[in-house]
Amino acid sequence: MVALANIVIGPIVIALIFGFIVGTRLHLSEENSFKFTIGAIIALIVGGFLMAYDIGQFATYQDLPIATVFLATIFGVFIGSALLGGRAKGDH
Amino acid sequence: MSDKITSLRSFIMALATIIFAASLFDAIYGFKELIQPGISLVYNAIGTQLAPNMVTLVVFDWRGFDTLGESLILVTAVLVVLLVFGRGKILDKNINADAAASDMDEGDDE
Amino acid sequence: MVEGKKSPNWNKDDSSPILKIMTLPIAIIMIALGIMTILGGHITPGGGFQGGAMIAGAIIFCVIVYGVDGSPIKLSHKFINALESIGALAYVLLGLAGLALTGSFLYNVGGNLYGVVPQAIAAIFSYPDVTHAGIVPYLNIAVGLKVFVGLSAVVIAFSQFKKLAEEE
Numbered sequence: 001m002v003a004l005a006n007i008v009i010g011p012i013v014i015a016l017i018f019g020f021i022v023g024t025r026l027h028l029s030e031e032n033s034f035k036f037t038i039g040a041i042i043a044l045i046v047g048g049f050l051m052a053y054d055i056g057q058f059a060t061y062q063d064l065p066i067a068t069v070f071l072a073t074i075f076g077v078f079i080g081s082a083l084l085g086g087r088a089k090g091d092h
Numbered sequence: 001m002s003d004k005i006t007s008l009r010s011f012i013m014a015l016a017t018i019i020f021a022a023s024l025f026d027a028i029y030g031f032k033e034l035i036q037p038g039i040s041l042v043y044n045a046i047g048t049q050l051a052p053n054m055v056t057l058v059v060f061d062w063r064g065f066d067t068l069g070e071s072l073i074l075v076t077a078v079l080v081v082l083l084v085f086g087r088g089k090i091l092d093k094n095i096n097a098d099a100a101a102s103d104m105d106e107g108d109d110e
Numbered sequence: 001m002v003e004g005k006k007s008p009n010w011n012k013d014d015s016s017p018i019l020k021i022m023t024l025p026i027a028i029i030m031i032a033l034g035i036m037t038i039l040g041g042h043i044t045p046g047g048g049f050q051g052g053a054m055i056a057g058a059i060i061f062c063v064i065v066y067g068v069d070g071s072p073i074k075l076s077h078k079f080i081n082a083l084e085s086i087g088a089l090a091y092v093l094l095g096l097a098g099l100a101l102t103g104s105f106l107y108n109v110g111g112n113l114y115g116v117v118p119q120a121i122a123a124i125f126s127y128p129d130v131t132h133a134g135i136v137p138y139l140n141i142a143v144g145l146k147v148f149v150g151l152s153a154v155v156i157a158f159s160q161f162k163k164l165a166e167e168e
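Chains W, R and X supply the protein sequences, listed in that same order.
Quick note, the first sequence lines up with residues 1 to 92 if you use this note's numbering.
Quick note, the second sequence lines up with residues 1 to 110 if you use this note's numbering.
Quick note, the third sequence lines up with residues 1 to 168 if you use this note's numbering.
To be clear, the hints were calculated from the coordinates, so they are not data collected in a lab.
Just so we're clear, the structure is a prediction, and the values are computed from it rather than from any experiment.
Be careful, since some hints might not be right.
[To be verified] With the C-beta cut set under 10 Å, the calculated list includes, among others, these residues of chain X facing chain W:
#1 M22
#2 A58
#3 I59
#4 I73
#5 A90
[To be verified] Stretch by stretch, here's where chain W covers chain X in the computed footprint (C-beta under 8 Å, at least three residues):
#6 27-36
#7 74-80
#8 94-101
#9 122-133
Built from N, CA and C at the ideal position, the CB exists for glycine as well.
Please model the entire structure based on the sequences and the hints provided.
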């Protein structure tokens, strides 16, 4: 168990990796869909914070009062989409 | 003639049903004494030392081999759907598309 | 996004602008909830199958609203192939680890209830968490990957058959 100041890191890292895997297939600037500008990403992250606060201490019930796994997944999806999402070849 | 055969079939069917029903009721009659919940009680006692969610523990820890087969059923279902409904066309098309895409830009990601 | 008084173009391949604007953020939230369900599978209700079905629901949502070609979440054939194989192989290899170390298939090497495995080896397989769940979360993740990819593959394939029938 790796803990840093009462925050359990292991599920957060795995959530980042999992979100990265799904996010590598996400095209944020597709023609006919929602255009994700910087403002939209920030708005979604703020909404994610609100949702995480409402979910509560999800993963382990004894660290921060927000669902850290949920937030880490959203960040992982955006990181994966920003790094690889626009360039994924061989679409279905 | 055909009436005779039909009646004979009906008789055989009734006999088989009676035998099956008798054996089933005989099995059900003493069933309560046959059940021994021993290992279940033991696992219910010690299982929560691993994690709080007992359902997931039973599914993934105690009966993990069962879950392996259960999740392979999904693979088989997807495979059969693609085989029967697609008849291999989707597969061929996508392999060609992947090959064409990887031929176009080599040295890129992936 | 909808400018002026231009009425939306209601052909059958195109969906409403309301759906087009709302679907992708909702799909991202659904993906996050699904992954959260998978990773909390050993503590809270839910698990690998349920979380994978939630992620597949997000992808099916995008495929239905935007169509197969315009969907922002595109799963390629290689990706589906790789994740399905990784999920199945991870499950079987975790089982074989128990078989090699203790002699019984799918023994919970990280949890180590009976104390058969040495502590150093058990520390490798244990999930970094406050619980001692061992390999149960890893099995959850493997099943989640398999279910997410499998259910999505069925729907993507079904939405492509119509296109194939029109080509012929």
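Structure-based check of each hint:
A hinted interface residue such as X:M22 counts as satisfied when its beta carbon comes closer than 10 Å to some beta carbon of chain W; here the least separation is about 8 Å, so the hint holds. A distance limit of 10 Å between C-beta atoms decides the matter here; for X:A58 the minimum to chain W is near 9 Å, and the interface restraint holds. The beta carbon of X:I59 comes within 9 Å of a beta carbon in chain W, closer than 10 Å, and the hint placing it at the interface holds. At a threshold of 10 Å, the smallest CB-CB gap from X:I73 to chain W is about 5 Å, leaving the interface hint in force.
This hint is violated: X:A90 has a C-beta 13 Å from the nearest C-beta of chain W, more than the 10 Å allowed. Coverage of a stretch by a chain is defined here by at least three residues with a beta carbon nearer than 8 Å to that chain's beta carbons; for the region 27-36 of chain X and chain W the count is 7, and the condition holds. With a cut-off of 8 Å between beta carbons, the region 74-80 of chain X has 6 residues touching chain W; three or more are needed, and the interface restraint holds. Coverage of the region 94-101 of chain X by chain W is violated [criterion: at least 3 residues with CB-CB distance below 8 Å; count 0].
With 5 residues having a Cβ less than 8 Å from any Cβ of chain W, the region 122-133 of chain X passes the three-residue criterion, so the hint holds.
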